[in-house]
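Peer 1: Residue numbers (the numbering used here), protein chains in the order written: chain U, 1 to 477; chain L, 1 to 477; chain E, 1 to 477; chain D, 1 to 477.
In short, the hints are calculated from the structure, not lab data.
Bear in mind that the values here come from a model prediction, so they are computed numbers and not experimental data.
The calculated lysine-lysine pairs, modelled on PhoX-like cross-linking and capped at a C-alpha distance of 20 Å, are: (1) D/K337 / U/K81; (2) E/K327 / L/K327; (3) D/K251 / D/K174; (4) E/K111 / E/K186; (5) D/K79 / U/K337; (6) E/K337 / L/K81; (7) U/K327 / D/K327; (8) L/K337 / E/K79.
From chain E, some residues computed to sit far from chain L (all C-beta separations above 10 Å): (9) T98; (10) E127; (11) L128; (12) E155; (13) P238; (14) G460.
We treat Cβ as the ideally placed atom computed from N, Cα and C, and that holds for glycine.
Protein chains: 4
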Amino acid sequence: MQTENNDKLKEECGVFGVYDFDGHDVASTIYYGLLALQHRGQESCGIAVSDTNGPKGKVLSSKDMGLVNEAFTPEHLEKLKGDIGVGHVRYSTAGGSTRENAQPLVLNYVKGTLGLAHNGNLINAPELRRELEYTGAIFQTTIDSEVIAYHIARERLNSKSVEEAVGRAMTKIKGAYSLVVMSPRKLIGARDPYGFKPLCIGKRDHTYFLSSETCALDTVGAEFVRDVLPGEIVTISPEKGIESDTSHVLKPADTARCIFEYIYFARPDSFIDGISVYDSRILAGKFLAMDSPVDADLVIGVPESGNCAAMGYSMQSGIPYGMGFVKNAYVGRTFIKPKQKSRESSVQVKLNPIREAVEGKRVIMIDDSIVRGTTSDRIVKMLREAGAKEVHMRVSSPPFLWPCYFGTDVPARDQLIAYNRSVKEISDIIGTDSLDYLKIERLEELVGGKLGICKGCFTGKYPMEPPAEDIRGDFDK
Amino acid sequence: MQTENNDKLKEECGVFGVYDFDGHDVASTIYYGLLALQHRGQESCGIAVSDTNGPKGKVLSSKDMGLVNEAFTPEHLEKLKGDIGVGHVRYSTAGGSTRENAQPLVLNYVKGTLGLAHNGNLINAPELRRELEYTGAIFQTTIDSEVIAYHIARERLNSKSVEEAVGRAMTKIKGAYSLVVMSPRKLIGARDPYGFKPLCIGKRDHTYFLSSETCALDTVGAEFVRDVLPGEIVTISPEKGIESDTSHVLKPADTARCIFEYIYFARPDSFIDGISVYDSRILAGKFLAMDSPVDADLVIGVPESGNCAAMGYSMQSGIPYGMGFVKNAYVGRTFIKPKQKSRESSVQVKLNPIREAVEGKRVIMIDDSIVRGTTSDRIVKMLREAGAKEVHMRVSSPPFLWPCYFGTDVPARDQLIAYNRSVKEISDIIGTDSLDYLKIERLEELVGGKLGICKGCFTGKYPMEPPAEDIRGDFDK
Amino acid sequence: MQTENNDKLKEECGVFGVYDFDGHDVASTIYYGLLALQHRGQESCGIAVSDTNGPKGKVLSSKDMGLVNEAFTPEHLEKLKGDIGVGHVRYSTAGGSTRENAQPLVLNYVKGTLGLAHNGNLINAPELRRELEYTGAIFQTTIDSEVIAYHIARERLNSKSVEEAVGRAMTKIKGAYSLVVMSPRKLIGARDPYGFKPLCIGKRDHTYFLSSETCALDTVGAEFVRDVLPGEIVTISPEKGIESDTSHVLKPADTARCIFEYIYFARPDSFIDGISVYDSRILAGKFLAMDSPVDADLVIGVPESGNCAAMGYSMQSGIPYGMGFVKNAYVGRTFIKPKQKSRESSVQVKLNPIREAVEGKRVIMIDDSIVRGTTSDRIVKMLREAGAKEVHMRVSSPPFLWPCYFGTDVPARDQLIAYNRSVKEISDIIGTDSLDYLKIERLEELVGGKLGICKGCFTGKYPMEPPAEDIRGDFDK
Amino acid sequence: MQTENNDKLKEECGVFGVYDFDGHDVASTIYYGLLALQHRGQESCGIAVSDTNGPKGKVLSSKDMGLVNEAFTPEHLEKLKGDIGVGHVRYSTAGGSTRENAQPLVLNYVKGTLGLAHNGNLINAPELRRELEYTGAIFQTTIDSEVIAYHIARERLNSKSVEEAVGRAMTKIKGAYSLVVMSPRKLIGARDPYGFKPLCIGKRDHTYFLSSETCALDTVGAEFVRDVLPGEIVTISPEKGIESDTSHVLKPADTARCIFEYIYFARPDSFIDGISVYDSRILAGKFLAMDSPVDADLVIGVPESGNCAAMGYSMQSGIPYGMGFVKNAYVGRTFIKPKQKSRESSVQVKLNPIREAVEGKRVIMIDDSIVRGTTSDRIVKMLREAGAKEVHMRVSSPPFLWPCYFGTDVPARDQLIAYNRSVKEISDIIGTDSLDYLKIERLEELVGGKLGICKGCFTGKYPMEPPAEDIRGDFDK
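Construct the complete structure from the given sequences, taking the supplied hints into account.
Peer 2: Shown next, in the form of structure tokens:
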């Protein structure tokens, strides 16, 4: 689960869609779904709804910067009348943090209206934009969703249905995307053929759901139906229930799920493509205990993201699990940063070691990843100042070495602590007695050994050719 | 000048554009310009700027609901770095009051970026939308500006310059519009061939301005250069200064300015097409004194909009001008309305008669117009309760009888008090001892006898064929 | 009426009290009353109410910084349940602008609760504070109201009633005050023996009112009953209606009303001690026309405060009254000030001359007063730039030369433009062709020749000995 | 640590004081201190500072409703100039949640100014108020702090120093209090003789601190000096450093610390009177494992408050510790509650079980207490629905049976689930397979066996006679 830590990878988005065949308003259900997906994006959020029995082409939407519970008041929800809707939470790099870029995107086109929410990153968005502009398109945002929307709108002219237009658009757009589209009478979900980003289907009585994660289904009391397959398009309507178009589906071996969804992004109570996120984290901890054992008195996690793996380490090794730090639950994104030495000081405000727990002890500290390493040394120092005799760090992912083109915000290569450094050198920098990472061979095992995964950020080998120009954040800067 | 009175006509918008050839930031200048144009729209406002020396295609903008001084903080202005920019204030009917519809519109297209602010109403917007959609356009707002923007963007593919594209677009769009367009290196102004809405050019050192009214030029310390001609396109750039394209300009006799700009909308310190708004109002009062004289002790205006004409009446008749009411300057749009009998009570909160001024007197009360008449009877009653012996009302415009298709928000015909009623009947309803309107023959004289004006709302005869379907607010409902 | 002009005197406060014998809630009535008194103080405001049939000692209050329509939401008013209440609007010097100092003051004491709102300034507050502290008092604000409250609370121990305690307190406190006190079952009004500040009684069915000005009675639909006499204590209760204690009332000749209430502070639709404020201002203009005539083409007022006197001048002289400036109604206290040369620039944002009205004309410009003179020269310059041939200024009060100790915020003597300068010198500084002030002999005539007035700020002779130490704002700095 | 759970006991307050002998501003340090104490009160907060080298009697303060990071902006902190200061976070029952009641209390009295922050509840406040009123006191708040302030102010008249006055006041006030007082040149801390509430001293270079908990010292980088003794008064000044007055100190055996500080209120990284809060919770878990063992597969805590005891249970029993629930970190006090069945639904939004962790398992679930029991049954149900085979609940405190008069907000007796019910009956109501509480005999052991503790809420036997009338919240209703 994502914290406000600046040295963490950032997920791009979470999507949620609802269609209540009985005609009840869905805005507040979307609200609760987005609350459960908030860890996937804390910068902006939005809800768009439509009344399937009302005038075709009428969409009501509300979008704003900030967290879900900041952006929506009861008055907002009250006004959003409609039995079909989509919602979105978003994270973005600094330059693109404008209200205009908030999703869902709502648009009028030749066949009425569309509401569109997506999670992911296209690698050919710049080319597609240029092509569209040369045929008279105008762009009002800098998000890929607008490119996708244009393609759907244009393909719709030659298609018999919206879902057919979505399928045609999928032959043009390349990259990572999980998509929820609301047309006047249908809710459509689609996932890129590699399946980088998760998307699943839920059901509660006569209401159907599409969601980035199963935890949002639990929150709204829906039961999990199944995952959307990588490459699949599902169309939900009262007439036909769930229809599936699998013409873009690849062989399972060719799929490439983002492994960081399991390691860090997703909530531990979610299941992605049949695998429990909690389980995969416990397992990562167990692997660390097997592959990088160390004699110690206590296993602790760096809160919150390291806790599950730490429990796994404890279970496997028999070394007791304890609480090494208190994380201040009241210090969010908005507290006033100390003026000087802000990086260092802010950690002290957020985290405090529990002296009694670690004093005189040999401590194994587990975190999910090290990116720049800017906070790790501070945390290690804290433990030593609190009396820890030894500090051994174990990381539940391999060293992070390459950029991601598929929707995860990663710093430039030369800012990655593992770039051009041995594990020993990193250990010296952050001041641990020992340090080790999850072995890259263990990644497939984390997800049961049967799912295709993307390991690009560890190996530099990507499931599809990365773009020649660096398109990450191009339009945002 | 517009008040919050519900029984007043509503102007649609005000536009403002600035280009500083010396490269200084223009956002705060636009801010002050918009403050001076606030009477033209109080619902939403926005500023978009660009750095002509920066990367082509980078526009920064900030738009929000509310008044200019509510929507912008110093932090907002600080962030809006750029030496060219456009600003907008907007009024709209209820349905379309959403943040998405706030202007300026900012877009990326084949040739970079455009910022666009417009004032007016197209009468063929629905057809144009449909045509655009059939060629793959998507719409994210319900404002006409987006239709105009699409036309400019598409014509740009076959044009040598933005201004040429604006000219080509003008052959397609029909209706009332004054337009300010910011391209990466040029500021462009255009006015529809009828000249419904005002637009003028200003200059301060090496900085050029486009503004709905001259009062905004005064506010920012710029000198008035000239009005943009009806049908003219002006292009402002450091290389060529002000260039003019007059190929769309009609014969002066065929132009059709909105006469309500002089009677009510514009600020009295503005000049429109060479005519002082103050003067035209004083003149209207004088005509009323000549054409509808009455023996009385005092002339008063209904604040603020009736004051100028009341002074004119006083000057012509020799009857002293006095203050009949105090208008509460602290009661804006946002005060809490009384729960019951709200219409009636709210007037009491906003206006209070000055008993000492009117007691025992025969009073001539001047207002600029009567729309529904819902407040006039209350005001007359107030004067009588304050002791006025007689109340004679004079209105500085003719009876309002027909809809407007060109950018003024008018209630349905059957809600107009003058519809199907004689002046005597209206006088009885609002309880005056006598009532008279400005004679329709006087309208040309108000503006010096040389300018073409639109009298459609008084006569039902419009300068161009009104649309068959009622397009007013169509997309907003 | 007060504007946001920095070169204006500031009133200290407005008070309002309501008691509805039928038991209806009074909070929203107080809200509308305060809206009508807003010109008397724009810095903070508050409402306190009590239920006379509820548990003794329960007062609900809401106070905040800002204007009445900013500080109160419908939810606030909804929560303020009670049939008796007091309200307050406040202006203060910079140092004391804290939320803690907002009124009404609400307190528990030996006999239950008190709500207290006052307008004025005590000259012996520091001594009284010290005395109280030596007998164990603690102070939580820096306002005089707390000193008054303590005296009432302590005198109550030896009094048979609250009103008796108020009377006893009046023997101790010295200076200017109009007081509204709410006890659990009574509404009490009191005015200092000199009558510096106004206070009047109103009635609507079974509801009684106390108000600083009659305009607030008009606003809430109440009829004026009578003024509270200088030195009088009135007690309003369902049992006895209005009771009066006149034991502190002085001979009329010894009273000393603040003449600036008539000249500038009060709203022109108010009556104070039987005199119409509008009338007194018209009269001031007439006196100026008689005593300082000048040949000219047009009379204008500096908006808004100079308008009434300008009308009077026009009536007396026969020179037409016109509008010389447009004042931007949307520029309030909160707009973003221009960074450099802020004083000068801000006037340009707020005021713009009407060129057509003044060009080529000899103009007589009327203002109510000149304090520092910092804006007068700018306004005169504006008129000349707009083409005025001559500018003659007339001021509807005498030169301002001495401090005020009784509730008006006046700058230090050396900042007053009239201090140590002849009228000719002042005229040269502000650049007028001629300048004259109202003759000091005319002041009594303004209020009908029968009311005692304070002329201290013009003559340095005060109705009571001013304090040795300068107590103005003492606790605020 | 406190959550937003409605079925939790509420702490009343946290206090913090700083004196920087080098003269640097302390407001931002207090801000960070309060952030660390936020778990002790989330309803209102405040900071008051003074410049010890400035004019005596000048205190700047800022107080507001809401969390510390909501109530303070950088501008607020910037304005609070001063090298000595006190801060406060507050929780209160509904009726008293007004801005007026926010602390610190700031007052002027005979010897200058005082800033006062306190944590606790007096049991003789009503009598003391009445006495004070009969000698001329007025009260502007309904908090006990004002009663304490009055006593200090009055005793000061006959004392040689503020600290002497504090000592004299302590002979009058009865109940639970930890007090931080700022006089113009001294920072004073005091703790009631029973030591109900914690208070400790810290130091960083030449800066001294008083704090409710040591975790706030850690946060601001100060080292722990020592606890203030129950009954002790400490006076901190540059001249004499820390002075101590122990004349009110009782025998250790007579002291009566609130045991809930250890069990639930305080942060686990704090030490109170030499005992680690973390340790005491781990120990509670171990005692539960010893005294109420059960065969099971997994130990989990109800987040966050049950986690430490769950770890202790795991350590003692050898049963693995796991994560049973995900708590949504983004759902705070302010999210929109579901309209119907709100109690039940809200739990689902906040907590979600981790199916993979508990499915098919025999689970031991630890919580710190059960008050009404309204959420326990729902949580147990969740676990069963997630597949738990057995659910055994263990509670790390004894059954809660009696009211608290000393600063903890407890529901009425008949709302306590343990009232008149056997453990078996409670187990049946909440649906557990087994349930047990910490044995009351274990309480002394939790804190090392050497500290006097208050067990009133479990036994009904209080360290001092409770008041005849129920004074809890008396002035708030």
